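A.B. asks: So you can see what is in the structure, the chains are spelled out below.
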Amino acid sequence: MTERPSDERALVLAAQGGELEAFNELVRRHQRRAYVVARAIVANHEDAEDAVQEAFLHAYRALARFLPDQAFGAWLHRIVANAALDITRRRKVRETDELPETVASPFRDPAEANELRMRLQDALAKLPARQRAVIVLHDVEGFKHAEIGSLLGIPEGTARSDLHYARSHLRQVLSSVRSEL
Amino acid sequence: MTTEHEGPQLVRDDNLTRELRAIYAAPADVAYWNALERRIVARLGADVTDEGAGLWWTVSEKWVRIGLVAAGFALIVAGSLLLRTQAQVSTMAYDSIVEPTIDAPTLAAREKLTEQQATLRALTGH
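Residue numbers (the numbering used here), protein chains in the order written: chain Z, 1 to 181; chain D, 1001 to 1126.
Isolated chain D (complex conformation) (with noise of 0.2 Å):
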């Protein structure tokens, strides 16, 4: 038996390491890493080439950056564009409300214009 500088419990018996030793042997024959090696390899290039050949329909990450940036720019331009358009819409709501509406005879009288005239520039404003 061979005491271990690890602790006293931990005792080796030799007969034990020898018998363990024989049972979990790797094989010894060069000829059985040889194609184990093989095999290895095999999968690894079967790995690499379907790795390969599913390149043709991924994106590069080049391509991907130029595809975000130009969303992004479309976006902010969207965006704009929707202030915009919603300024412009509360900014006639606004004058609708705040413009003194005048009816059609007043019109007519103050303009001098047909009563078909004033009728229609009462209903639309100009």
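Bound conformation, chain Z alone (with noise of 0.2 Å):
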């Protein structure tokens, strides 16, 4: 999760120094991986694409703070959902009876229609925030236990249990809506 190009250094290094031509390069290459850690805490598109605009913002204010030798991806990662559950926090105060009962579509998928997916996003919805942002991390995204622990900022035996508990609870989602079929 955490590969890093040979030359990632001497950009974070070129980043520090005030090149902010440095630092839109690691938009470019981080965007993508930012956007999906996001979009597995927040409920919807928007809110992810809005905690990582936010996310790369506090990025490159602390980027002073930060040590080129460690991994820069781990870090903007932790920085990312740190504004996702933020985002999903004040979500939370703002509009807690106006929750959508399903989780948005992500952007691009034209199979709405189908009656198993719309189901299982149904329960992805109601399933706690958590419990679904770490099965999505994990299968979806394929971070490790720990890895998830310290970007949601729980124990890695946490978000053991949260897997198992999300995967059961929607295993059984799709198969009743198989044996429904």
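Bear in mind the hints are in silico, worked out from the structure with no lab data behind them. Because the structure is a prediction, the values reported are computed rather than measured. The C-beta atom is built at its ideal place from N, Cα and C for all residues, glycine as well. Hints are not guaranteed to be accurate.
One-sided and incomplete, this derived list gives chain Z residues near chain D with beta-carbon spacing under 8 Å [stated by the list, open to error]:
id, residue
1, Leu20
2, Val27
3, Arg28
4, Gln31
5, Arg32
6, Tyr35
7, Ala40
8, Leu67
9, Leu85
10, Ile87
11, Ile135
12, Asp139
Calculated from the model, a selection of chain D residues having no Cβ within reach of chain Z, i.e. all distances over 10 Å [to be verified]:
id, residue
13, Phe1073
14, Ala1074
15, Leu1083
Both chains are sitting in their own frames, so use the hints and assemble them into the complex.
C.D. replies: Listed below in structure tokens is the structure:
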């Protein structure tokens, strides 16, 4: 998860030296991964985009404190996760009664009509946010339990049990849909 | 189903994983990522500009240090002046207590002064 191109350190050092273009290159390299981390935590595509933008801005401002020998991606992902969790908390406070019943469709997914997928989206929306984030980060994005724990600020064991419960619940939903269809 | 090395409880359901990947697939369109990158870079650029615009009123660290040293020096000078003044005041107060008082008629007789001069000397001490 934290593999780093050999010249990334040079980019980080240049960015720390004030070269905005070097930081832009880091944005180019990491925005996709940043998006999927955010998307796993927030409820919809728009919030994921907001979280990514916020996170890059935070990262840029905090760049002087980053040690170039560390993995930039891992550091950035923690910032992204924090930004996404912030958005989730703000949404929870502001829109407790207005939460969507289903997870909004991700960008460019045309297969909304599929009954099974719609039921699964519905079930995902009803999962506790942390369990949803854990299963998406692990099963979709391939993060390890320790990395998920670090991203979400929870112990590794909690990430494991969240994954277990999320999978069990979603599997039940899948099998019940399949038996109906 | 795929059993992971992480323990017997954690059994991956390949069908579930496939569906999740479809739901959470990141946008595949390159144009989308280019547009997102432009938005992020624009925000960073605006942030840098804001910082630059804010510089005119900020004081550099060098001048802050010089100011602090000057303020410290002024404090020391003011403190020593205060101490000196207090010492002088207490000396005068001490002198006025320990110096024997001579009444005007005695002083006039001793130093052959007029009564007026002797009164003045007795009052002022000089």
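A.B. asks: Each hint: holds or not?
C.D. replies: Hints, one by one, checked against the model:
1. With a least beta-carbon distance of about 6 Å to chain D, the hint placing Leu20 of chain Z at the interface is held under the 8 Å criterion.
2. A hinted interface residue such as Val27 of chain Z counts as satisfied when its beta carbon comes closer than 8 Å to some beta carbon of chain D; here the least separation is about 5 Å, so the hint holds.
3. Given the 8 Å rule on beta carbons, the hint for Arg28 of chain Z holds: about 6 Å separates it from the nearest Cβ of chain D.
4. With a cut of 8 Å, the hint placing Gln31 of chain Z at the interface with chain D holds, because the nearest CB-to-CB distance is about 6 Å.
5. Look at Arg32 of chain Z: its Cβ gets to within about 6 Å of chain D, closer than 8 Å, so that hint holds up.
6. The interface hint given for Tyr35 of chain Z holds, since its Cβ lies 6 Å from the closest Cβ of chain D, which is under the 8 Å cut-off.
7. For Ala40 of chain Z, the suggested interface contact is upheld, since its CB lies about 7 Å from the closest CB of chain D, less than 8 Å.
8. Violation of the interface hint for Leu67 of chain Z is found here, the shortest Cβ-Cβ separation to chain D being roughly 21 Å, above the 8 Å cut-off.
9. With a cut of 8 Å, the hint placing Leu85 of chain Z at the interface with chain D is violated, because the nearest CB-to-CB distance is about 17 Å.
10. Restraint check, Ile87 of chain Z versus chain D: the minimum CB separation of about 16 Å is more than 8 Å; hint violated.
11. With a least beta-carbon distance of about 7 Å to chain D, the hint placing Ile135 of chain Z at the interface is held under the 8 Å criterion.
12. Interface restraint check: Asp139 of chain Z against chain D, minimum CB-CB distance 5 Å, threshold 8 Å, status holds.
13. With a least CB separation of 32 Å from chain Z, Phe1073 of chain D remains clear of the 10 Å interface cut-off, as annotated.
14. Non-interface call for Ala1074 of chain D relative to chain Z: holds, since the shortest CB-CB distance, roughly 34 Å, exceeds 10 Å.
15. Remark: the non-interface label on Leu1083 of chain D is consistent with the geometry, its nearest Cβ contact in chain Z lying 45 Å away (cut-off 10 Å).
Consistency note: the structure conflicts with the earlier hints numbered 8, 9 and 10.
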